[in-house]
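Given next are the chains, with one letter for each unit.
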Amino acid sequence: MEPGGLVEPCSPRPAGPGKRAQRRGAGTLSLSAQGQRSRLRYRNPPTRTDRTTRTTATDAKARLRHPLSGLGTLTAGTTLRYDHASLRGGVDRLSGAAFADATLSLASLQLQPAVRIDALGGGGAPTVVASPRLGVRLRPLAWNGLTLRGLVARAFRAPTFNERYYDPGGTPGLAPEDGWTLEGGLSARLARPTTLLRADATAFVTRLTNKIVWQPRYVTSGVQVWSPSNVSRVRSRGLELSLRARTRPRSGLTLAGGTVFTHTRAENRANPASPAHGAQLPYVPTQKWKLWADLQWQNFSVSATGRLVGPRYYSADESKSLPPYRAVRLRTAYEWSFDAAQVALEAQVENALNHRYEIVRLYPMPPRHATLRLRVSFSTP
Amino acid sequence: MPARPLHAPRWMPLLLLAALALPGCDLFGANDDESRVTTDVVVANSGNFSAQDGSLTLYNPADSSATQNDINVAFINSLALYENQLYVVDNTQPNNAGRITVFSPETLDPVGQISNPRPPRSLAFPSAEKGYVSNLSRFDGFDPLPSTVSVVDLDRNVVVDSVSVGRSPRGIGVAAGKAFVANAADGTLSVLDATADTVRSTLSLNCTRPKSVFVDEEDELAVVCQGGGEQPSEVLFLNPRSTEIVNRVTLGAPVGSANATQSAYYSDSAEELYAVSGGAFGSGTGEIFRVDTDANALATTLQVPQNNALIGISAVGYDAVAQDLYVTRLPVNDSGGPLYTANGTALVLDRDGAVVTRFETGNSPGYVAFLRDTQ
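Residue numbers (our numbering), protein chains in the order written: chain A, 1 to 381; chain B, 382 to 756.
It is worth saying that the hints were derived from the structure and are not from the lab. Predicted, not measured: the structure shown is a model, and the values here were computed from it. Heads up, some of the hints might be wrong.
Some chain A residues near chain B, calculated using beta-carbon distances under 10 Å [said to hold, decoys possible]:
| hint | residue |
| --- | --- |
| 1 | Ala155 |
| 2 | Trp226 |
| 3 | Ser232 |
| 4 | Arg233 |
| 5 | Asn268 |
| 6 | Pro272 |
| 7 | Ala273 |
| 8 | Ala276 |
| 9 | His277 |
| 10 | Tyr314 |
| 11 | Lys320 |
| 12 | Arg361 |
From chain B, some residues computed to sit far from chain A (all C-beta separations above 10 Å) [claimed, not checked]:
| hint | residue |
| --- | --- |
| 13 | Val539 |
| 14 | Gly609 |
| 15 | Thr755 |
Covered stretches of chain B, as calculated for chain A (at least 3 residues, CB under 8 Å) [claimed, not checked]:
| hint | region |
| --- | --- |
| 16 | 428-442 |
| 17 | 594-607 |
Using N, Cα and C, we set each Cβ at its ideal position, and we do this for glycine too.
Please build the complete structure, drawing on both the sequences and the hints.
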């Protein structure tokens, strides 16, 4: 990031999505398309930098969902996307994807096989990658409340347009992330007429090559720019524990709450000679804890969400870290429903405890602040 | 026979003087036994610009201990020791500016600060009341702003003037009432009148990228040219009065720092100049050149010890008191290049280039200086 940079983003002008769904027999076909144009002006007066970037993004999606005669469902779809930016003399990218996934129920066993094929063009020969996935759910007991879960999947992610061409800092030659993820866990669910309680525990391991990580890149003495680069090998291991509850003690009143704790060890495994080898990736917290409560009475709702995020290293060798932080958000809303529209008035207080914290070093997050929002949603007949 | 008057022998006063001098009696206000010791080696760790984690490592050679001192600056370009004050030259301020923070060497507490309108590179002192600061020209020839040297009033710690010089000014040497500014991008020296703060002339050096300037014990100017391409690195010796080049000493491999900071060091006690070929992107060879500034000749070429966990040389300094050579190195990153977001390593070498000891520095070590005292 250049010092003293001044970004003056202009509001994007979305052309607005168009969406249509048609039922044919027992299946459902959904079609959607959208376009967006944006203009970004970047000014840094001391370096006499003043450039304006215009981007265009369009995509079209089709999705078909069809039942498989009591065995389960089959979903298939395709996406076509085109991006263009007036950067570096004009760059564009055409990408497409096709996917199919099924849910097959065999007594207490449920299989979820899926495959996604990505095709990426622009900037060289097109890349075609198939990403298979298999999910398994098993109810081992007569009691339906306990489920064992497993998942194995290829984790492929192409660099975004921004990561490749953002100026300054974009890396045109960025390689896609690729790897495998393995997940296992169990869920316990207790349902009563007015109360639902659910607990989940999930352990996961991911091995990635060329993981895309934003970090400062050296330009010249005293000049560094945030830039994405590929970390050749990353191993992530972790555990997520969650508990959710919801009850309706009386008509019109709903109380809900929950908590999620995540422990993630995301290690750089690229070069054994480097002090970064075996160290936690910069800015990836090892521990996160979220706690929330929600009350809804008729059209009125109020909620509180607290987050506690553990230390995050900002050096590659774990020698320096940011202190943990906590953030509390309060929200209240009232909704009116009419025949043709819904109107919601929402007030929200961020950082309600007015705690000073930084997510990125030296970029303090805003102190306690409130927003008031009026939202109008129109119903389609 | 008359008795002869008793006269003390003529050599008696000399004997008395010698007897008094031997146990260390200071007859003339000077202590002949006084010797300089290096109390601390200061390694300025440039830090990572975005994280602003510049720091100072203080290494005590007596007990081989190193302590880290976070001073929260963005990027330290250089250090200067003058009048028992330590000047830390860094690029902390927003809006493409910088500052120079003055520290007490004893306590490492800040005792003053100078705001500079441009990112500063190095600092020299034409007089006790005045400092010259060469300012970073970003991207060299592409920077539309003129390349300048700031004039600092050291009594008030404020920049009072600026002087336009050649492109990409780096090191500054002061001799014979003049200041010599190495213009790296032009291959020239701007000669400033150190009283009037004006450019008197510009000397063409016919060398590639002059960066460091020192004044040796013979009052000659030693200019280290980086070299590159077809041209070797060189040390040029100039007579500051006539501004003539009196010697050219060819080094060979390109001189440079892996951190674009300190690539040369002059030891006045040893009358030796050290320059490193420490570039980390294929340009450096790991050679350390020792130049005898009395004979104006290359004395020795050492090779930094190989270590696959370290890359380049980012700073160099020579402690003539202990005859220890300090070089700092960067850790390797995922692909074997330099890692600028982790702590570095300082190697202490003997005069043959063998490792005596090593210690951990802060992030991206970039400059070495020595705090000394007398005993």
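Next on the checklist: At least three residues with a C-beta closer than 8 Å to a C-beta of chain A: is that true for the region 428-442 of chain B?
Outcome noted: Per the Cβ count (6), the hint holds.
Next on the checklist: Can you verify the interface hint for Ala155(A): is its Cβ closer than 10 Å to any Cβ in chain B?
Outcome noted: Hint violated; Ala155(A) Cβ to chain B Cβ min 19 Å, cut 10 Å.
Item to check | Thr755(B) and chain A, when compared Cβ to Cβ, separated by more than 10 Å | outcome: The claim holds: Thr755(B) sits with its nearest Cβ about 35 Å from chain A, beyond 10 Å.
Checklist entry - Does Pro272(A) pass the interface check with chain B, least Cβ-Cβ distance below 10 Å? => result 9 Å, holds
Checklist entry - Under a C-beta cut-off of less than 8 Å, do 3 or more residues of the region 594-607 of chain B approach chain A closely enough to confirm the stated coverage? => result That given contact is violated, which follows from only 0 residues of the region 594-607 of chain B lying within Cβ reach (below 8 Å) of chain A.
Next on the checklist: Lys320(A) was flagged as interface toward chain B. Is the shortest Cβ-Cβ separation under 10 Å?
Outcome noted: This hint holds: Lys320(A) lies near chain B, its Cβ roughly 6 Å from the closest one there, short of 10 Å.
Checklist entry - Would the stated hint for Ala273(A) survive a check requiring a Cβ distance to chain B of less than 10 Å? => result Holds, about 4 Å.
Item to check | Status of the hint placing Tyr314(A) at chain B (closest C-beta pair under 10 Å) | outcome: 5 Å, holds
Checklist entry - Taking the closest Cβ pair, is His277(A) under 10 Å from chain B? => result 8 Å, holds
Item to check | Restraint outcome when Asn268(A) is required to lie within 10 Å of chain B by C-beta distance | outcome: Holds: closest Cβ of chain B sits about 7 Å from Asn268(A), inside 10 Å.
Checklist entry - Is the interface hint for Arg361(A) satisfied, with its Cβ closer than 10 Å to some Cβ of chain B? => result 5 Å, holds
Item to check | When the least beta-carbon distance from Ser232(A) to chain B is tested against 10 Å, hint result | outcome: 5 Å, holds
Going down the numbered hints, you'll see the structure goes against 1 and 17, while the others check out.
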